[in-house]
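Novice: Protein chains in written order, with this note's numbering: chain A, 1 to 99; chain B, 100 to 517.
Incorrect hints may have been included.
Computed footprint of chain B on chain A, listed as stretches where at least three residues anywhere in the stretch have a Cβ under 8 Å from a Cβ of chain B [stated by the list, open to error]:
| id | stretch |
| --- | --- |
| 1 | 27-38 |
| 2 | 49-59 |
Derived DEER-like restraints, expressed as beta-carbon distance ranges [unchecked claim]:
| id | chain 1 | residue 1 | chain 2 | residue 2 | range |
| --- | --- | --- | --- | --- | --- |
| 3 | A | D72 | B | N178 | 23 to 33 Å |
| 4 | A | E71 | B | R235 | 48 to 58 Å |
| 5 | B | F227 | A | D74 | 32 to 42 Å |
| 6 | A | H67 | B | F251 | 46 to 56 Å |
| 7 | B | A238 | A | R76 | 54 to 64 Å |
| 8 | A | D74 | B | V216 | 49 to 59 Å |
| 9 | A | E86 | B | A136 | 35 to 45 Å |
| 10 | B | A194 | A | L8 | 48 to 58 Å |
| 11 | B | R106 | A | W79 | 23 to 33 Å |
| 12 | B | A469 | A | D72 | 46 to 56 Å |
Read the hints as simulated data drawn from the structure, not as lab findings. Note that beta-carbon positions come from the ideal geometry of N, C-alpha and C, so glycine has one too.
Okay, here's what each chain looks like letter by letter:
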Amino acid sequence: MVDKDTVLELLKQVYDPELGVNVVDLGLIYELDVEGGRVRIRMTLTTPGCPLHEAIVGGVRRVLERHPGIEDVDVRVVWEPRWTPERLTPAGREALGFF
Amino acid sequence: MVSRVSRLPFWFLATGLVSFAAFQLWSLADLASWLAAFAEDPRMPSGWSRAHLLVLGWATMIAMGAVYQLVPVVLQNRNLFSERLGYVQYAVFTAGFAGLAAGFLAADAILIGGFAVLAFAGILLFAFNIGATLIRANAWTNVTAGCAAAVFHLVLAGAAGMLMGLNFAFEWWGTFHDRLLGAHLWLGAAGWFGFLITSFSFKLFPMFHLSHGHPEALQRWVAGFLAAGVWTGVPSFLFNAPAWCHWIALTCAASAFVLYAVHLSQIVRFRHKQTPGAGIRWSRHLAIGQASVAALLVPLSAVFPDIVLSTRMAVVIGWLYLWGWVGGTILAYLSKIIPFLWWTSKYGSRAGREKVPTMAELIDDRKVNALLTAIFAGLFVLAAGFGWNSPLLQSLGDGLLAAVSLLYAGYVGAVFAK
Chain A
1 MVDKDTVLEL LKQVYDPELG VNVVDLGLIY ELDVEGGRVR IRMTLTTPGC
51 PLHEAIVGGV RRVLERHPGI EDVDVRVVWE PRWTPERLTP AGREALGFF
Chain B
100 MVSRVSRLPF WFLATGLVSF AAFQLWSLAD LASWLAAFAE DPRMPSGWSR
150 AHLLVLGWAT MIAMGAVYQL VPVVLQNRNL FSERLGYVQY AVFTAGFAGL
200 AAGFLAADAI LIGGFAVLAF AGILLFAFNI GATLIRANAW TNVTAGCAAA
250 VFHLVLAGAA GMLMGLNFAF EWWGTFHDRL LGAHLWLGAA GWFGFLITSF
300 SFKLFPMFHL SHGHPEALQR WVAGFLAAGV WTGVPSFLFN APAWCHWIAL
350 TCAASAFVLY AVHLSQIVRF RHKQTPGAGI RWSRHLAIGQ ASVAALLVPL
400 SAVFPDIVLS TRMAVVIGWL YLWGWVGGTI LAYLSKIIPF LWWTSKYGSR
450 AGREKVPTMA ELIDDRKVNA LLTAIFAGLF VLAAGFGWNS PLLQSLGDGL
500 LAAVSLLYAG YVGAVFAK
């Protein structure tokens, strides 16, 4: 059994390796549902046709699957609504030198 | 969907780096002699051989690898039409350009003709594979359309080159050879490299700046002026048109390059990442420099056409365009493309499972910046040496250019060991 906060902490271990910012602080996670051992995520990437698509989405799936309290992971990538910089968290903005 | 990392681009990038290193070592080996002769008349066996080693063995090889890497990505992770065909194409094209460079060096007309046909066959296979991938995806954007236009012009440049190669062997066309040469150079330089660099930058430049919401209207104007420039220039060369036809072609191409530089500035204004990396910054400096030179040439060539069309000026302009903008942009982007490719291949499947490095940890941006600065300083000194006909400046410039280029190729190539 896991809760949302635990899942978010796990997701913070997955980085966009080019930007050096994790997927949570980048604002890539649109929806997160946790039911018992089932985790469902609706997420996006900073741009459609991202060269790191497989690595980032696979990283999200892998980091959750290795947690003993999680039995089932469903990750769905969506392009609507498009990601915008307004979704960055304050920590994400600071890491990017956002101004 | 792409389920694994293709190794195909590695072969092109690695072979391109080897060709680049071979060119630089060759330059260091007989520095003053070949440059002095090249500045007087670039049409000599050794000059042709070096030009094809650099333009086909390095720039086109790297560009093909980048296309194989980026087209599936831009098409949102669709597979190539045929990866196996990509390997066949790699073998055919590599044998073709290497034999062609050797044939020119040996001044052997039969070798030149034979390997020109083989190199062209490699280009045709490449065009078929990329064309089929793009048509099957049917997702046309300024990036994919620009890539298709680039490959189309590569085929035409290759066809003109192959016809010239056959003419070396069989002497079919007499003085038409020179007109074909003009079209070959213009199709390759402005068409293939012009469309490829501009269209790929429309994707990569905003991506590395994390730019969002920037206007894209200028992208079509860039492509339109470039197409107008290429297709005014090609018949001008083929039909030996009056100078004003060539001037119109130059003006259109210069307009495209100026608008391209303006568009890059638009993208920078909408950035959300403070530092895109030294390579990306340099690619913009080069675009601005290239646009400035092109814009200067338009009035200069109208007032002093004989000076602009002289052999010496043609060498300076050709060197600045091909080595400066095309080669420099490729070098600058390599500092990003190679870490991207390597990270995805080595660490992509480990992300989320263990701690993996960021790309910034694979390559030191300050070293990239220092090396690129030294390369372009060498290029500037060499161009000045050509312009002033100073063998000393030529030797100093090319010595610096070749030595630092070797260091840079080694440094960027060392990412493959991390």
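Novice: Now tell me, hint by hint, if it's right for this structure.
Specialist: Okay, the hints, checked on the actual structure:
1. 27-38: violated (count 0)
2. 49-59: holds (count 10)
3. A:D72 <-> B:N178: 23 to 33 Å: 28 Å Cβ-Cβ, so the 23 to 33 Å window holds.
4. A:E71 <-> B:R235: 48 to 58 Å: violated (38 Å)
5. B:F227 <-> A:D74: 32 to 42 Å: holds (39 Å)
6. A:H67 <-> B:F251: 46 to 56 Å: holds (51 Å)
7. B:A238 <-> A:R76: 54 to 64 Å: violated (21 Å)
8. A:D74 <-> B:V216: 49 to 59 Å: holds (54 Å)
9. A:E86 <-> B:A136: 35 to 45 Å: violated (60 Å)
10. B:A194 <-> A:L8: 48 to 58 Å: holds (54 Å)
11. B:R106 <-> A:W79: 23 to 33 Å: holds (29 Å)
12. B:A469 <-> A:D72: 46 to 56 Å: Since the Cβ atoms of A469 (chain B) and D72 (chain A) sit about 50 Å apart, the hinted range of 46 to 56 Å holds.
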